[in-house]
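Chains as they are written, first to last, in the UniProt record's numbering: chain A, 1 to 470; chain B, 1 to 470.
Calculated from the structure, these hints are not laboratory results. The structure displayed is predicted, hence computed values, not measured ones. It cannot be assumed that every hint is accurate.
[Unchecked claim] Partial chain A-side listing against chain B, Cβ under 8 Å, derived:
no.	residue
1	K73
2	V182
3	S341
Each residue gets a CB set at the ideal place from its N, CA and C atoms; glycine is no exception.
2 protein chains.
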Amino acid sequence: MKTISGLFTDHYQLSMAEGYFSAGRKDDRVNFDYFFRKNPFGSGFTIFAGLQVLFNLIEDFQYDSDDIDFLYKRGFHDDFLDFLKNFRFRGSIYAPKEGEVIFPTESILSVEGNIIEAQLLETLLLNTLNYQSLIATKANRLRQSAGKRSVMEFGMRRAQGWAAIHGSRAAVIGGADSTSNVQSAYIYDLDSSGTQAHSWVQSFDDELTAFRTFAQLRPKKCVLLVDTYHTLNSGVPNAIKVAKEMQQQGHQLFGIRLDSGDLAYLSKKARIMLDKAGLPEVKIVASNQLDEYLIKSLIHQGAKIDVFGVGTNLITARDDGALDGVYKLSAVNDRPTIKLSEDVAKVTLPGKKKVIRYLNGNGEFYADGILLSEDDPDDVDMIYHPQYADKKSMVNGLEKENLTSKVFENGNVLTAKKSIGEISEYRSLRVSQLADEYKRFEYPHIYKVGLSSNLIQLRMDMIAESKRSK
Amino acid sequence: MKTISGLFTDHYQLSMAEGYFSAGRKDDRVNFDYFFRKNPFGSGFTIFAGLQVLFNLIEDFQYDSDDIDFLYKRGFHDDFLDFLKNFRFRGSIYAPKEGEVIFPTESILSVEGNIIEAQLLETLLLNTLNYQSLIATKANRLRQSAGKRSVMEFGMRRAQGWAAIHGSRAAVIGGADSTSNVQSAYIYDLDSSGTQAHSWVQSFDDELTAFRTFAQLRPKKCVLLVDTYHTLNSGVPNAIKVAKEMQQQGHQLFGIRLDSGDLAYLSKKARIMLDKAGLPEVKIVASNQLDEYLIKSLIHQGAKIDVFGVGTNLITARDDGALDGVYKLSAVNDRPTIKLSEDVAKVTLPGKKKVIRYLNGNGEFYADGILLSEDDPDDVDMIYHPQYADKKSMVNGLEKENLTSKVFENGNVLTAKKSIGEISEYRSLRVSQLADEYKRFEYPHIYKVGLSSNLIQLRMDMIAESKRSK
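Using the sequences and the hints, build the whole thing.
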């Protein structure tokens, strides 16, 4: 399924690429880092997602003759366009596994390559990783609130257009059990599921006939929507009637769905009615503008809900609709580069780097260190706060992991392809290695991310040099 | 460019479709209405967008043998799948023109068809119209704040994944002058534009060389990014040097771009520096987390900005990331249907309907009336508030327009294809027909949308009948 081409980029990437080409710099080697500055939703961490999709899209990131004609009409020059005809991204990518727990500031992903390929890829890379990491993080918050209850992703109709295609994938990575989105289920082999709509019930002369017909057709996993007319006076009693009829035919009603009204009150009443009718196994599905806070509150109120259907607030990450990931140049031909800013937090980290995760003896994450790639992790005893150099942490003797490794080289993916289920399991494992204080919704503990002394020194030197040169 | 198939739908649409098929109801005729309940962003109105894209996607909304195999594995039955093999949407669509000004409650778009095609289309239709209408509405607010200054849409890297593809289109419909998104520019023939990134400047040994090289390559519409090191001490002075060199070669620097810091202060200082250097024609482009409120404030502060580049806040509609459009069944085999709710505002409007726009003598919109399709508009003298029947408006003698017409029938689009420029012009015309009180950002005047007495009566009768039947 090819939708994108090398045109999936910002106009200025092509202008700059042409510039590098014309300036005879096409073989310059560069390093770009992908990182973000702030966890979304006030979370204490972020889930890394989108990497395997990026690998697939890199394959499509080429220019066919129609693309070339278009660029010619838009003023790009023949010699550059001839070069683009054979363009393929052949750089290297260093990254964590999909599903990894990641934090602000750290160079999560690095691209090494020639200056044109690394520049042209920027927009596609940011577009892919920012959105999927955002949604996986949101889904993980829902998963946290729902505990052992199920979460269905429902949001395709309210998704931001084709965002739905990758959004449902990211939701399952983050912890949703299934999606209503059949297109994504097809592409990514996700569990797809659904119940029924009000239109089904309305389209019959009466609610009981609507329920009965649906149950006859889909006796397995049948869920009946009980709020089209009146939930407790009509919907639940009719569902109970049909559940009893199903029992006589050897089937079992899977559940009922509440989609409006006071979900705490209605679910408790419905649970009592179902239990009294001898139907304790019939589940209650609830939906209607749910998010992680409402789910928490419903559970706290003792709502009898087994499955939460979450739509808009998950697929659009409505309360914080973008991850602010950026892609910054950190080296040209092995010369480190820096971007200054009047805002100290926005000064970039120069040079090629790697990220080390330090663990406590019990397997819990303790801190992440950003080191220069030539730093030997065994020689790094201390990491320093990115802005306040007097804040530092001893890391010697701690267990260490390389957070990133080379995952893509010369057009080839170097890691085994994982199913979405496997990625979600890895996410679950890694989240479990994070202490609870980092996971609370309100003022989570801030996870330590520090720099090696060599990186601190390089940055200080480059800032000083830049001031001298004025 | 085919990305979607008939699988671009919610799982339950396929379950229900199979249900209708198995129940022998595949030839039942139905009517569904698309409407929304709340303008986004607290706006006084919404811009209708996405219709031509929907027409294109309907062509792709089919099931090939891979799709059928997939559905078979997911438990759908052979006879239904045989039916799906030849499935095409052949229903009729009634809608306003793209770019129309629309309001909550009104049946903006109606689908008439057999029960299976009308049901299956729901998710695709909502996904397409909700997002594009949201973004066009946001862009129109930016356009309103920017006045005669330019607005560039910049958000591809922060867009919700492939939302970018249609988001940039909708942004231009709503009033953006251009987009950075080359993929959308290619598909929809939009103006694409861009400046340069910090990485360009960083990749050279010094800023002046970076600027000079770019200017030599792109002497037309050259914009230099001046904040990589120090805006006023280095960026602007270097840009001025290059502008002078360009003049000697018969070229003119188009502009400079500010992307950080205090945009009001920096733009004023930069303007003075440029003017003193005899470069009054060099424009100032500004970007960095802009939205309609910041743009208004910058202009109010006397900022010297000619072009606003808007990213995340436009393409994700960050402060209100979803339009709540729904698609509700209003008739089955010419029998009107209703969905009740404990929330009176959520009771649907039964039956087939049409929307009439009433105008004052001076061409300004006065009110919209929702009439039953059998109502003769010439006989409707009064329209009634949807909830408070004592609130009513005289409409006799007013100029009238049919807001909607049949635009799609039997697989064919009935209207001439419009360019995005034409759609944007229509949007601009229609917004100009709306009085200023509806356009302010704070507590806009609420536009009148009323029902005909026959529609009020039908709804009352159906509610009463539903109560009797219990």
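Exercise for the section: Hold the hint about K73(A) up to the distance rule: shortest CB distance to chain B must be less than 8 Å. Expected result: 10 Å, violated
Practice task
Please verify that hint: V182(A), Cβ, nearest Cβ of chain B, below 8 Å or not.
Solution key: 5 Å, holds
Handout entry: Supplied contact hint for S341(A), tested at 8 Å Cβ to chain B
Key = Since chain B brings a Cβ to about 6 Å from S341(A), closer than 8 Å, the hint holds.
The structure is inconsistent with hint 1 alone, although it conforms to all the rest.
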